[in-house]
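Protein sequence lines, in the order shown, are assigned to chains F and A. Using this note's numbering, the letters of the first sequence map in sequence onto residues 1 to 749. Using this note's numbering, the letters of the second sequence map in sequence onto residues 1 to 148.
Bear in mind the hints are in silico, worked out from the structure with no lab data behind them. Keep in mind that the hints are not guaranteed to be accurate.
Unchecked claim - Selected chain A positions facing chain F (Cβ under 7 Å, derived; list incomplete): (1) Val2; (2) Cys38; (3) Val90; (4) Tyr99.
Stated by the list, open to error - Using 25 Å as the maximum straight-line C-alpha spacing, the simulated SDA-like pairs for lysine to any residue come out as follows: (5) F:Lys214 with A:Gly91; (6) F:Lys214 with A:Thr128; (7) F:Lys214 with A:Ala87; (8) F:Lys633 with A:Thr128; (9) F:Lys500 with F:Gly595; (10) F:Lys207 with F:Leu195; (11) F:Lys633 with F:Pro576.
Unchecked claim - Covered by chain F, according to a simulated footprint, are these stretches of chain A (three or more residues, beta-carbon under 8 Å): (12) 51 to 64; (13) 101 to 111; (14) 136 to 144.
All C-beta atoms in this analysis are idealised placements derived from N, C-alpha and C, irrespective of residue type, glycine included.
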Amino acid sequence: MNDLTPSWPTACRREPIRNLSRRSFLGAATGALVLGVNLGPAPVGAGERPEGAAAIAPKPGTRVAAFLEMRPDGTVRLLSPFVEGGQGINTGLAQTIGEEFDLDPARFAVECAPPGPDYAVVNGLRMTGGSFSTRSSYEAMRRLGATAREMMLRAAAAKLGLPQDQLTTDDGRVIHGASGRSLGYAELAPAAAALQPRDDVPLKDPKSFRWIGKPVARLDMRDKSTGRAVYTIDIRLDGMLHAAIQHAPHLGTEPEAIANEVDIRAMPGIDSVHRLPGAVAVVADSWWRARKGAEALQVTWTSPAADGIATVSKTFSSAAMLGALKSTTESGIAAEQEGDVAGAFAKAAKVIEAEYDAPYLAHAQLEPPSAIARFEADGSLDLWVPNQMPELFQQVAAGTAGLQPAQVRIHSPMLGGFFGRHFYYGPANPFPQAILLAKATGRPVRVLWSREEEFGMDAVRPLSFARFRAALGTDGMPVALHTTAVGEGPIGRWFGALFKSPVDSSLVEGLDKKPYAIPNRRLDYVKVPHPVTIAFWRSVGHSMNDYFYESFLDEIAAAGSKDPFALRMALLKDSPRHRTLLQAVADLAGGWKGGTFQAEDGTRRARGVSMASPFGSETATIAEVSLKDGEAKVHDLWIAIDPGSVVNPAIVKRQVEGAAALGLSSTLLEQVVYEDGQRQARNFNTYPILDRQRMPRVHVAIVESGAPMGGIGEPGLPGVPPAVVNAVAVLTGQRIRSLPLAKSRLSGA
Amino acid sequence: MVNLTVNGRPHAVEAEPDTPLLFVLRDTLGLSGTKYGCGIGQCGACTILLDGQATRSCQIPLESVGSQSVITIEAIEQDPVGARVVAAWVGIEVPQCGYCQSGQVMAATGLLMGTPKPTEDDIASAMTNLCRCGTYNAVAAAVRQAAA
Numbered sequence: 001m002n003d004l005t006p007s008w009p010t011a012c013r014r015e016p017i018r019n020l021s022r023r024s025f026l027g028a029a030t031g032a033l034v035l036g037v038n039l040g041p042a043p044v045g046a047g048e049r050p051e052g053a054a055a056i057a058p059k060p061g062t063r064v065a066a067f068l069e070m071r072p073d074g075t076v077r078l079l080s081p082f083v084e085g086g087q088g089i090n091t092g093l094a095q096t097i098g099e100e101f102d103l104d105p106a107r108f109a110v111e112c113a114p115p116g117p118d119y120a121v122v123n124g125l126r127m128t129g130g131s132f133s134t135r136s137s138y139e140a141m142r143r144l145g146a147t148a149r150e151m152m153l154r155a156a157a158a159k160l161g162l163p164q165d166q167l168t169t170d171d172g173r174v175i176h177g178a179s180g181r182s183l184g185y186a187e188l189a190p191a192a193a194a195l196q197p198r199d200d201v202p203l204k205d206p207k208s209f210r211w212i213g214k215p216v217a218r219l220d221m222r223d224k225s226t227g228r229a230v231y232t233i234d235i236r237l238d239g240m241l242h243a244a245i246q247h248a249p250h251l252g253t254e255p256e257a258i259a260n261e262v263d264i265r266a267m268p269g270i271d272s273v274h275r276l277p278g279a280v281a282v283v284a285d286s287w288w289r290a291r292k293g294a295e296a297l298q299v300t301w302t303s304p305a306a307d308g309i310a311t312v313s314k315t316f317s318s319a320a321m322l323g324a325l326k327s328t329t330e331s332g333i334a335a336e337q338e339g340d341v342a343g344a345f346a347k348a349a350k351v352i353e354a355e356y357d358a359p360y361l362a363h364a365q366l367e368p369p370s371a372i373a374r375f376e377a378d379g380s381l382d383l384w385v386p387n388q389m390p391e392l393f394q395q396v397a398a399g400t401a402g403l404q405p406a407q408v409r410i411h412s413p414m415l416g417g418f419f420g421r422h423f424y425y426g427p428a429n430p431f432p433q434a435i436l437l438a439k440a441t442g443r444p445v446r447v448l449w450s451r452e453e454e455f456g457m458d459a460v461r462p463l464s465f466a467r468f469r470a471a472l473g474t475d476g477m478p479v480a481l482h483t484t485a486v487g488e489g490p491i492g493r494w495f496g497a498l499f500k501s502p503v504d505s506s507l508v509e510g511l512d513k514k515p516y517a518i519p520n521r522r523l524d525y526v527k528v529p530h531p532v533t534i535a536f537w538r539s540v541g542h543s544m545n546d547y548f549y550e551s552f553l554d555e556i557a558a559a560g561s562k563d564p565f566a567l568r569m570a571l572l573k574d575s576p577r578h579r580t581l582l583q584a585v586a587d588l589a590g591g592w593k594g595g596t597f598q599a600e601d602g603t604r605r606a607r608g609v610s611m612a613s614p615f616g617s618e619t620a621t622i623a624e625v626s627l628k629d630g631e632a633k634v635h636d637l638w639i640a641i642d643p644g645s646v647v648n649p650a651i652v653k654r655q656v657e658g659a660a661a662l663g664l665s666s667t668l669l670e671q672v673v674y675e676d677g678q679r680q681a682r683n684f685n686t687y688p689i690l691d692r693q694r695m696p697r698v699h700v701a702i703v704e705s706g707a708p709m710g711g712i713g714e715p716g717l718p719g720v721p722p723a724v725v726n727a728v729a730v731l732t733g734q735r736i737r738s739l740p741l742a743k744s745r746l747s748g749a
Numbered sequence: 001m002v003n004l005t006v007n008g009r010p011h012a013v014e015a016e017p018d019t020p021l022l023f024v025l026r027d028t029l030g031l032s033g034t035k036y037g038c039g040i041g042q043c044g045a046c047t048i049l050l051d052g053q054a055t056r057s058c059q060i061p062l063e064s065v066g067s068q069s070v071i072t073i074e075a076i077e078q079d080p081v082g083a084r085v086v087a088a089w090v091g092i093e094v095p096q097c098g099y100c101q102s103g104q105v106m107a108a109t110g111l112l113m114g115t116p117k118p119t120e121d122d123i124a125s126a127m128t129n130l131c132r133c134g135t136y137n138a139v140a141a142a143v144r145q146a147a148a
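Assemble the whole structure, with the sequences as input and the hints as a guide.
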C-alpha cells in the first residue's frame, strides 16, 4: 500500500492555499472518478473564474466550519476525516489541531465526519488506512488550527476595538495582556464564523510545540474502559429488526430451495425469510431468534464448479492454490531492475535458491461485522456501517439502494478492530444485505454476522509465494538477487482501475526498494488471481514479503559464512539512516548476540534480526526465542522505528507493540485453510490467535531522524516474522520457509 | 417471563429460556457494554460477574441465572475494586480499539475480588481474554497496578 503515498500535503506545504492549483489534485481527482466516489465539485484552480456551486467549493481540509464546532462550555467538536479504530487518530488530530488552534487536546470531542469534499485530505481522496492518516493530513490539520485561531483573534479584535497584534491566545481564550481582558473561543465563535478565513497564517515553530510530540493522554480511554464506547454493533434504532445470515458454503453459489421455510417462519419472533445474493437471511425481533432461525435453515445451493482455481470450486483448496502459484514458469513483469543480473550470476562463486510461502489470513477483529440500514420517509437512506472510506461506501450503498449518493447518509462509528477489515470487499461486507432487507421489510434492519459467518466470509490476506536466487562473490557477499513474487494483491483487486500500473504494488512491497547495497537486482511479478475474496491486512504486502526477503537474507549470510547482523550492517554502508536504526535496535537489546546462548533461566536461546521499510517508516527488529515442546517461545521483541517525526510517542509505542503482536500471531499460529472449497476454521477455537501466554515483552525505541513523516499503525509488524524465524533457524538449524510455525514441530539442533 | 437481577435491579425478561445471558443483556436490557465476540466462550469479550465470579455470559442460558446477582461493566465502578481496575485501565491507557476491554476489566475485577494480591500465575490463569490489538502487556500492568 506504499504507492498510495499522498502528494497533496507536499503541494500544500509549497504553495499558499489560495494558489493550490488544480494540477496538484488532478491525479487524485481522476482517481476519484475511476473509483466512482463522488467527491463533489473539483477544487477551483488559480486563474479560473468560479461560478455557481464551484465558487464555494471547499478545498479539502481548509473550511474551518466543516471541522470545528465550538461549544458553549469551551469544548470543541471535531469532525474528523478519519475513522478511529484503536490507532489513536482522534487524539493525534486533537493534538495537531489543538497545537495551532491553542486549545487543550483534552477538550476535543472527535467524531468521524459524514461524506463530503471537505474531508478528502489523503491525496484528494478520503480513506483511513495505509498508515496514512497522520502523515497525509499533518500539515493541513495544523494549517486548519492556525487558520481557526487567527479567525478568533480577528473576531476578538473587532469586538474589543483593539489592534489584532496586541492580542494573543491561551488555551481557548483570546487575551489582551495589557488590560487583562479576555474572551473565550465559544463566545467569539459566531462572529469568527462569519469571517473570511485567511490562507497565509503562519504555523508555529516546532520548537514551541506544547502538545505535538508529547505523550498526551488518549481521549477515548475512559469510555473504552467502562463499556460506554459505542461501536456499530451497539447501535439500536426504534422499530429496528434484527437479521442473521446463512451464507452459501461455496462463495459464488446461490440459494435454490429452502426445505423448511414454513417451519422457520413459525419460530418465535421471526418476521420473515429472504433470499439474498449468495445468502439467506432470517429477520426477527431479536438477533438471537434470527440466528436460531438462520442456523436451522435447510437450504440447497446451486452447484459450484467441479474443480479448478478459477472459482471457489468443489475441490478448491489452499494447498491447490499454493501449488498453482509454485508451478508458474513465466518470468513475469519486471517490478525492479538494477545492474546486470544475468552477468553477475554467470560469474558467481556460489548460487543459492529458496522458495517461501505464507497463508491466507483472517482479520479476526473482535467486533463481528454488522450494519444498520434505515430508509426515511423521503426515500433517502441512513446507513451505520464500519468503514475506512465513507465516500466509497456511500457510492456502493446508493447503487444497492437505487439512490443517488447524496441521498445516502453514512454514519461511521468507531471500529472494534481495524487491521484492514473495513474497506469495501464485495461479498465480505454485510451492509448491502442490510439495505436490501430494510427495503424488503419497510423497517430499519440491523444485519449482524455471527463469528462463524464472519470466519466464513471475511476477506483474507492473500496466500503468497516468492522465489529467490542469490549470487555470492568469493568474499561471501551477495552480488545479485533475483526475486519472483507470484499471486494477486488487494490493490490490484480493489483499486486496479485507480492504479493502472501492471505491477501490483501490494504484492511486491517489501521485496522492492530495500536499502541493501546489492548491485545487481531483479524483481519480477507474476499475476495469478485468487478466486477468494482478498483483502488488505495490517501491513499488506509487507506482512509476508519482509518475512520472505529477510529470511532469505539470513540464508545468504549463512551461505557466505557471515553473521546476519554484520552482513546487514555491511550492506547498509550507503545508508546512514538505516545503519543508525540497526545500531539503535542492537543497543535497545543490550547488544547483538549471534549463535545460541544460555539465558539466566537456563533456557537455550537465540536472536534473529530483520529490517523493513514499510509505509514511509523504517524499522529494525530483534527477537529472542527459545524452544519449548516443539514450539517457538518468543521472550522479547526489540523494535526500533524511525518514522521521521512523531505526534504522540505514547501512541506510537503502543501501536508498534500491537502490530508486533499481530505479526507474531501470524508467525506462530494463523492460517485460513480451504478444503473442498470451504474454509475449515469458523471460530477462535480452530483459528487460534495470539493470547496473553504467548505475548512477549516488547521494547520500542523511536528514532526521529527528521526524514519525511512515515506511517505508524502498520510498520511494527513486518519485521517480526523474519526476526522470529531467523532465531528459530539458529536454534534448530532448520529454515522455515512456510508459515505459520505451528505447521512444523521444532527441535533443537 | 424470567426474573433476574442485573446491577442490583430486578428485571422480568421475555425471552426463550435457552437465550444466552449475553443477548438478554445487550438486546433486551440495552446493556451494550458487554460485547459479543465469539459466542463460544473463547474470547471473553462478554465477561460479566455472576455472584462475583468472572463468567462468560455467552455460555450462560437465561434459565440458569436464577437468583444469582449479575454485574455488568455498566455498574463496575460502583464497586471499589472495579473502580480501582477502571482507574488503572485509564491511567495505563490499556485500550486500543477497546472492543475487548469491557471483558478484560470484568475479568480483572473478578480476579481481584477473589484474590486481592494475585501472583503472576494468578494473573496468567485469570486473564485469558483475547485481544486482537495486542494489549496483553498493558492489561497485565494494569492488573498489577490495581492490586498494589
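Hint check:
no. : hint                   : result
1   : Val2                   : violated, 14 Å
2   : Cys38                  : holds, 5 Å
3   : Val90                  : holds, 5 Å
4   : Tyr99                  : holds, 3 Å
5   : F:Lys214 with A:Gly91  : holds, 16 Å
6   : F:Lys214 with A:Thr128 : violated, 33 Å
7   : F:Lys214 with A:Ala87  : holds, 22 Å
8   : F:Lys633 with A:Thr128 : holds, 18 Å
9   : F:Lys500 with F:Gly595 : violated, 46 Å
10  : F:Lys207 with F:Leu195 : violated, 30 Å
11  : F:Lys633 with F:Pro576 : violated, 33 Å
12  : 51 to 64               : violated (count 0)
13  : 101 to 111             : holds (count 3)
14  : 136 to 144             : holds (count 5)
Hint compliance for this structure: hints 1, 6, 9, 10, 11 and 12 are broken, all remaining hints hold.
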